[in-house]
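Chains as they are written, first to last, in our numbering: chain A, 33 to 461; chain B, 63 to 328.
All clues given are correct.
Selected chain A positions facing chain B (in silico; Cβ < 10 Å):
| # | residue |
| --- | --- |
| 1 | 60 |
| 2 | 62 |
| 3 | 72 |
| 4 | 91 |
| 5 | 97 |
| 6 | 105 |
| 7 | 111 |
| 8 | 114 |
| 9 | 280 |
| 10 | 292 |
| 11 | 299 |
Source of the hints: derived by calculation from the structure; they are not laboratory data.
Quick reminder that beta carbons are idealized off the backbone N, C-alpha and C, glycines included.
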Amino acid sequence: MKKSKWLWWGLLSTLLVLSGVLAQQTASLLFVSTQFTPIEEAQRMRQVILKDFQGRVEFIPEDNAPFTNRILSEVRAGRVNVGLAGGLHGDFPPLVAAGALDPVDDVMAQLKDRRFSQTFVNLGKMGTGNQLYIPWMQATYIMVANRQALQYLPAGANVNTLTYTQLKEWAANIQRATGRRMLGFPAGPRGLMHRFTQGYLYPSYTKSAVTKFRSDEAESMWLEFKSLWQHVNPQSTSYDFMQEPLLAGEVWIAWDHIARLRDALNQKPGDFVAFPAPIGPYGRGFMPVLAGLAIPKGSPNRAAAVAAIEYLTRPEVQITTLVQNGFFPVIQVRLPDNLPQGIRMGADAIARQAQSNVALPSLLPVGLGARGGEYNKVFQDTFARIVLRNEDVRRVLDSEAGNLRRIMNETRAPCWSPDPASSGACPVN
Amino acid sequence: MNLRWLYLFLAVVLVLWVLIPIFLIATLAFSDRPSVFAWPKGLLPQQFSLETISFFFGVEGVWKAIRNSLTVAAMTLVFSVLLGAPAGYALARYPFAGADAYRLLILMTRAFPLAILAIPLAVQFIQVGIYDTAFGVALVHTALALPFAVLVTSSLFLGIPKELEEAAWTLGCNRIQAFLRVVLPLALPGLAATAIFAFVISWNEVFAATLLTLRERTLPAFLLTSLNDSPLPFRFAGGFFLIVPALIFIFIIRRYLFTLWGIANR
Chain A
33 MKKSKWLWWG LLSTLLVLSG VLAQQTASLL FVSTQFTPIE EAQRMRQVIL
83 KDFQGRVEFI PEDNAPFTNR ILSEVRAGRV NVGLAGGLHG DFPPLVAAGA
133 LDPVDDVMAQ LKDRRFSQTF VNLGKMGTGN QLYIPWMQAT YIMVANRQAL
183 QYLPAGANVN TLTYTQLKEW AANIQRATGR RMLGFPAGPR GLMHRFTQGY
233 LYPSYTKSAV TKFRSDEAES MWLEFKSLWQ HVNPQSTSYD FMQEPLLAGE
283 VWIAWDHIAR LRDALNQKPG DFVAFPAPIG PYGRGFMPVL AGLAIPKGSP
333 NRAAAVAAIE YLTRPEVQIT TLVQNGFFPV IQVRLPDNLP QGIRMGADAI
383 ARQAQSNVAL PSLLPVGLGA RGGEYNKVFQ DTFARIVLRN EDVRRVLDSE
433 AGNLRRIMNE TRAPCWSPDP ASSGACPVN
Chain B
63 MNLRWLYLFL AVVLVLWVLI PIFLIATLAF SDRPSVFAWP KGLLPQQFSL
113 ETISFFFGVE GVWKAIRNSL TVAAMTLVFS VLLGAPAGYA LARYPFAGAD
163 AYRLLILMTR AFPLAILAIP LAVQFIQVGI YDTAFGVALV HTALALPFAV
213 LVTSSLFLGI PKELEEAAWT LGCNRIQAFL RVVLPLALPG LAATAIFAFV
263 ISWNEVFAAT LLTLRERTLP AFLLTSLNDS PLPFRFAGGF FLIVPALIFI
313 FIIRRYLFTL WGIANR
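For reference, chain A alone in the conformation it holds in the complex (with noise of 0.2 Å):
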């Protein structure tokens, strides 16, 4: 019987780690976040940008579909753990339509000295009445191109106001002069090639993303791109974050997040410069990414998430923010002079992009609710039919439109910047 003996033992033995483990209960803020997943970041937050705060914060970094179905599953059930939830601006609209997040009103009403943007806290209403979440930190997208580039670019042209046209050119100046093709985008699994399509591409052609989708305009703009797109790293289908094949030298000219070019400017300054968008006919295209702090319905403890956001938005704390993890402040505040030359090169680049005279903005759509995925998708399959797989450039136009215009008339929602506002559903032209 020594056999069934030993079963026990292992049975007893576990359950005892089984109460040990059900007896452990703390009571900390549980802070969850679909932003600093990167284990480094998430390092970061923990030990440096939340060090001061007083109170015991966890913060759990995760991606966005468990956030999601986490968040939902305990408002549904009624037992909240989650007591603060950071995300970016397209993380909150399925937590709205739930009905899953509390108003933070009062919030913003004790914040009204940090001098958040307007535009920013607009989005946080989230098209409606009430404030749903609380402007946290932005980025935005740009170029980096290594020192060995700038040799070939075209007569003429200068980074800083470097064109379409000139960029292509550049490119195939250096497919010519080194045999290779060195420039290259994130369209890899989880790259974010669709908002270069979405926020760059299509305004700067069209000045528009949706009502002239299928345009004219967007013909001959895609059939421009696919010809850029000859000079472009095959790899690029592979590549999820620049920074990576920056500095294997697989690439010499990028454009990503910039959070995703970060360790190229930070490892080796020297090599790398930072420069805007390129511009298209009617001007630079450029999309801002914002992340809020919302307080999901039932949260445990309220005050501590009140804390925390008040925080985490002050001044001094916004800038640790951005020294550690390259996320730039959301209220008005002036950058020290001693910044790490990388993050220097990097704000220097996102101000030219954001205040030259051809600066286009785009705005984060604000009506999609749950359908942003499916937004994405649109241009994510537009771009790969037409760039990644050959087909003819109007017929995918138009079928994809069909796509558009149902999630545009399915949720109503109005044009937003840089397409002209609309009374009903932004059209699909």
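Start from chain A and add chain B according to the hints.
Just chain B now, kept in the frame of chain A:
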């Protein structure tokens, strides 16, 4: 003779198939950053460095996550053998109406996409009070491991001649004694394999573990999201960090299971 060579060749291919990725991950985990980014990457370790790998030991909560992973995997192992082996025995020895349908139904649990269940499952777990506990995750992992446990053990018991059991009965054993003294010892190597398999299924599972835990994360749930978005050096070091505890544990448990069940010479 020829067959023997073919056998050896296949064995070598299989071993390399398993070991080469582990070897590459290990060398790059112990290289410094520039050599991880270098292309083409060398087959042998380039610049030895403990920088990235040592980072993981300092990450807050990583030890707790390892402990949770081991707890969950051990519970899954125990539950799935305790539940799976009797079910397998019943399938093998007692012809009952709907046995074939039952066999299929068990497999259906694997065919059912867990993602659809995500929210209802989490809501139930919260209401029952086993959300964010190792026990709760172990229950889901047991459900995932059971189909294998049942089907493997049933073919295991089928392979043991019924005559042996009958002989034991004629010699004075009752059914339970005959099972414990005759069938079980013969089935042990297979049971040990089933147990290790259940362990591995639990160790590798991320989806349920991520969804159902917050503070009590298992190691894959704790690290995997982070690694997906981390720079290359961390992915190699993290991969290595994820593999090693499982390997160590399997080596220990393998020996433990075999000696426990009296098959020391294997």
